[in-house]
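**Student:** Those sequence lines, one after another, are chains H and C. At position 165 of the first sequence the residue is numbered 166 (this note's numbering), and the sequence of numbers has no breaks. At position 178 of the second sequence the residue is numbered 651 (this note's numbering), and the sequence of numbers has no breaks.
Since the hints were made in silico from the structure, they are not lab data. Don't take each hint at face value.
[To be verified] With a straight-line cut-off of 25 angstroms between C-alpha atoms, the simulated PhoX-like cross-links for lysine-lysine are: (1) H/12 with C/717; (2) H/40 with H/8; (3) H/144 with H/64; (4) C/845 with C/740; (5) H/141 with H/8; (6) H/64 with C/717; (7) H/40 with H/88; (8) C/780 with C/845; (9) H/8 with C/717.
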Amino acid sequence: MARALEKYLRKEVAGTPFCPGCGHGILLGLILRAIEGLKLDMQEMLFVSGIGCAAWIPSPNFKADTLHTLHGRAVAFATGAKLANPKLKVMVISGDGDLASIGGNHLIHAARRNIDLTVICANNMIYGMTGGQAAPTTPKDSKTATTIQGNPYPPFDLCRLVKAAGADYVARGAVVRPYDLIEYISRAVETPSFSFVEALSPCPTQYGRRNQQDTAAEMFDHLGRACTSGTKIDASQPIDIESVRLGELDDR
Amino acid sequence: MPQNTVTHPFETRGRYLSGNEAAAEGALAAGCRFYAGYPITPSSEIMEAMARDLPEMDGAFIQMEDEIASISAVIGASWTGTKAMTATSGPGISLMQECLGYAAFTETPIVVVDIQRAGPCTGQATKTGGGDIMAVKYGSHGDYQVVAFSPWSVQEMFTLTVEAFNWSERLRVPAFLLAEEAIGHLRERVDLPAEIEIYDRDYTPGEPPFGTEADDGVPSMPRFGDGENLLVTGSTHNERGFRKVEDPQVHDKLVRRLNRKVLARVKDVCQHESFHLEDAELIVVAYGFTARSALRAVTLARAQGLKTGLLRLITIWPFDRDLFGGLSKKNVPFLVPEMNLGQVAELVKAVVGQDRVTSLTQVNGTTITPAKILAAIEEAV
């Protein structure tokens, strides 16, 4: 299977750009497995990303048209490309800081318009590339480079936010539950309107080492224990950091 | 320079249009089929016209959540092979700066119409201004080039919008129609050309999209969906689009080519119009709405026997330094009236010298009258 996915990668790319233990490499593979499963033609796809570690998942790795944009603006660039050429299958892959902080307004307005875009948010709960500063997704009390005493603010529940804004399909997965995540990505791509998948993806380098999860293995173990999978998430209930509910958001 | 001729899609003779309406019509005539924008006085009529007309012309219109999103969507649309535009005013120009740098660095053809109002900041939103000259050229970080035209009539709001599209396509740069509110909201009779000469971006399959052998070349531009596996990035990139963020030579070569490709074509891009320069003992340099007042002032001065001339700049960016270098040999003084504190006057001074240039400034939200320019002429000669 791993070799079967090589056709989706540029031959010029020598290796992963991600740190040891980063979840983004797993997510990269899961997105390609979803594409393989749906038998999509990469030549009809456009991958748009912003700035940050997750923005490097498609660019330059994916052998397809890729648009590596400015910090926060991926969804707005993608909206223009999709409207100007509706035949393109447009997928945005970016991080939590990119999509939910500097780009938060673009995200909720794209969800409101419900135009056919798929947004995959690789959520590592921290600004990884810039050295581990607090993000709007950093759990309360977590230690980061800018919250040395612990983060005083609660995080966004991105799935509830995007659902409330009007997105048709919203799901939360984690790279520790790979088969479910492939399923969510596949359903998101098949949704003919706005779809959003939050993919929890550990950052051992910047988050783990500051928060008593010293190795990648410990981080994955912790995430695996914290996540509980359900077939549906009640959209009216906020996220519980100690017990992260994975699944699709119910329309109720 | 134009490669193609198209028929004007609307009535051509005896039209009575506002400048903003003419800009929208010029865009559609040039082949613009995508518009993204955000409401802002005094440019909103352009967006309203595009919202009305684009859907009927198989184009796409979208009102975005802010100006940053608007220009982002325009850049995304341009890479699908669609001619794309936005229009705004001062505060919107300020918000668009990072994306203007992205368009310049990724060599994305886009057109931005700036209907200038009295700034800085929110300023006087409904009043005219001309203070964005430097902002459109130097507002984003790093070294880059843009093309900017300054219309003095409703007719030119049409023709120079077409030119802005042609040059953005030819050079793969952001191009501005840099008009003042006074022109955007002016209503005049126009006779529009039945045939429009246009330029569409060059594309040779397989050619590198971000580099040329010449150090001032404009590369081939594929579209998304052409099967070229495009790598578009705002990071430093090689000729195939691969990020090269630690190679000093790649960055130096790219930044220099992006600037040279425009500066090497200054003579082609730059347009001006001369009135009575042959025997002029004082040259008034003006552009946009102010050039209308300046022409009247020069005519009145001539009637008094004052040998003055008018040099009307049509292209502001790139700035045609050689034009002033040639004129300054006669050792005549220059008077530069403008609706800012001397932004173009400083450019002229840099070529001909400080002591040869009088800067006539006005930043009160109104246009400069012929009487005010005439008084300055009388004082100078």
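**Student:** Check the structure against each numbered hint from earlier and tell me which ones fail, lowest number first.
**Tutor:** 3, 4 and 5
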